[in-house]
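Please model the entire structure based on the sequences and the hints provided.
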Amino acid sequence: EVKLLESGGGLVQPGGSLRLSCAASGFTFTDFYMSWIRQPPGKAPEWLGVIRNKANGYTTEYNPSVKGRFTISRDNTQNILYLQMNTLRAEDTAIYYCATGSLDYWGQGVMVTVSS
Amino acid sequence: DIQMTQSPSVLSASVGDRVTLNCKASQNINKYLNWYQQKLGEAPKLLIYNTNNLQTGIPSRFSGSGSGTDYTLTISSLQPEDVATYFCFQHNSWPTFGAGTKLELK
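In order, the protein sequences belong to chains A and B. Residue numbers for the first sequence follow this note's numbering, so the first one is 1 and each next one is one higher. Residue numbers for the second sequence follow this note's numbering, so the first one is 1 and each next one is one higher.
Treat the hints with caution; some may be incorrect.
As the list claims (entries may be wrong) - For lysine-lysine, the following DSBU-like pairs were computed, each having C-alpha atoms within a straight-line distance of at most 30 Å: (1) B/K39 - A/K3; (2) A/K54 - B/K31; (3) B/K31 - A/K67; (4) B/K106 - A/K43; (5) B/K31 - B/K45; (6) B/K24 - A/K54; (7) A/K3 - A/K67; (8) A/K54 - B/K102; (9) A/K54 - A/K3; (10) B/K106 - A/K67; (11) B/K39 - A/K54; (12) B/K102 - A/K43; (13) B/K102 - A/K3; (14) B/K39 - A/K43; (15) B/K102 - B/K24; (16) A/K3 - B/K106; (17) A/K54 - B/K106; (18) A/K3 - A/K43; (19) B/K45 - A/K67; (20) B/K31 - A/K3; (21) A/K67 - A/K43.
In short, the hints are calculated from the structure, not lab data. The structure displayed is predicted, hence computed values, not measured ones.
In structure tokens, the structure reads:
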């Protein structure tokens, strides 16, 4: 059974940083693209970016809305996906989800609140 | 970016009704269109991938169709547990979601 469990969310001040983690199990982690998506309260989800699988060199792509501030990485020995978020703004407040492949399986999400 | 427009934004229907939700892309997305169901307080769940493929474990009352820029999710007989918000999502190019259709019981 595919399981994804996000952690690391919380309250952070504007301009601050936060790193989210997503622990994956139930599938061969290195075979899969992995994505981050966020959803502001009451709004539609927004795709943030992807890190490709081993066969595609673990390369990354980002939504222009977060490119340069957010970085996706993965630890393929521990099956963990990361999202490093820097220079956070109030508009980054959202539930953050990790997901597999073409967003077929999602974690339960973690809340990030950017506020002073 | 490809814009995804969903209609209607809110839909009220009765148990047993046949329900149709629409999603229109601003350009051809070559059937790279997924549908997600999101219940209150939960993560989105994949229902249909690549226009018309039913995800494992999803009831057969859900179906998808479309091509080019126009896509449809159909629920053949609405059940109380189908109350949710439904999002379309294109992954033909930079991935984007629609704004959602909120499905309510009449």
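Against the structure, the hints:
1. Between the alpha carbons of B/K39 and A/K3 the distance comes to roughly 19 Å, so the proposed pair stays at or under 30 Å and holds.
2. A threshold of 30 Å between alpha carbons decides the hint, and for A/K54 with B/K31 the separation of about 26 Å falls inside it, so the pair holds.
3. For a cut-off of 30 Å, the pair hint linking B/K31 to A/K67 stands: about 27 Å separates their Cα positions.
4. In summary, the hint linking B/K106 to A/K43 is supported, as the alpha carbons are separated by about 23 Å, within the 30 Å threshold.
5. A distance of roughly 19 Å separates the Cα atoms of B/K31 and B/K45; the hinted pair therefore holds under the 30 Å criterion.
6. This hinted pair does not check out: B/K24 and A/K54 have alpha carbons roughly 34 Å apart, beyond 30 Å.
7. For the given pair, A/K3 sits about 27 Å from A/K67 by alpha-carbon distance, which is consistent with the 30 Å threshold.
8. For a cut-off of 30 Å, the pair hint linking A/K54 to B/K102 is broken: about 38 Å separates their Cα positions.
9. The hinted pair formed by A/K54 and A/K3 meets the criterion: a straight-line CA distance of about 20 Å does not exceed 30 Å.
10. With a CA separation close to 43 Å, the supplied pair B/K106 and A/K67 exceeds the 30 Å bound.
11. Only pairs whose Cα atoms come within 30 Å are accepted, and B/K39 paired with A/K54 is rejected, the gap being roughly 34 Å.
12. Between B/K102 and A/K43, the direct Cα distance comes to roughly 12 Å. Compliance with the 30 Å bound is thereby established for this hinted pair.
13. A threshold of 30 Å between alpha carbons decides the hint, and for B/K102 with A/K3 the separation of about 27 Å falls inside it, so the pair holds.
14. Between B/K39 and A/K43 the CA atoms are separated by roughly 13 Å; this keeps the pair inside 30 Å, and the hint holds.
15. With a CA separation close to 16 Å, the supplied pair B/K102 and B/K24 stays within the 30 Å bound.
16. Distance check on the hinted pair: A/K3 and B/K106 sit about 35 Å apart at the alpha-carbon level, beyond 30 Å; violated.
17. Simply put, A/K54 and B/K106 have alpha-carbon atoms about 49 Å apart, too far for the 30 Å limit, and the pair is violated.
18. With a CA separation close to 25 Å, the supplied pair A/K3 and A/K43 stays within the 30 Å bound.
19. In summary, the hint linking B/K45 to A/K67 is supported, as the alpha carbons are separated by about 26 Å, within the 30 Å threshold.
20. With a CA separation close to 28 Å, the supplied pair B/K31 and A/K3 stays within the 30 Å bound.
21. Proposed proximity of A/K67 and A/K43 is supported: the alpha carbons are some 21 Å apart, at most 30 Å.
In terms of the numbered hints stated before, the structure departs from hints 6, 8, 10, 11, 16 and 17, listed from lowest to highest.
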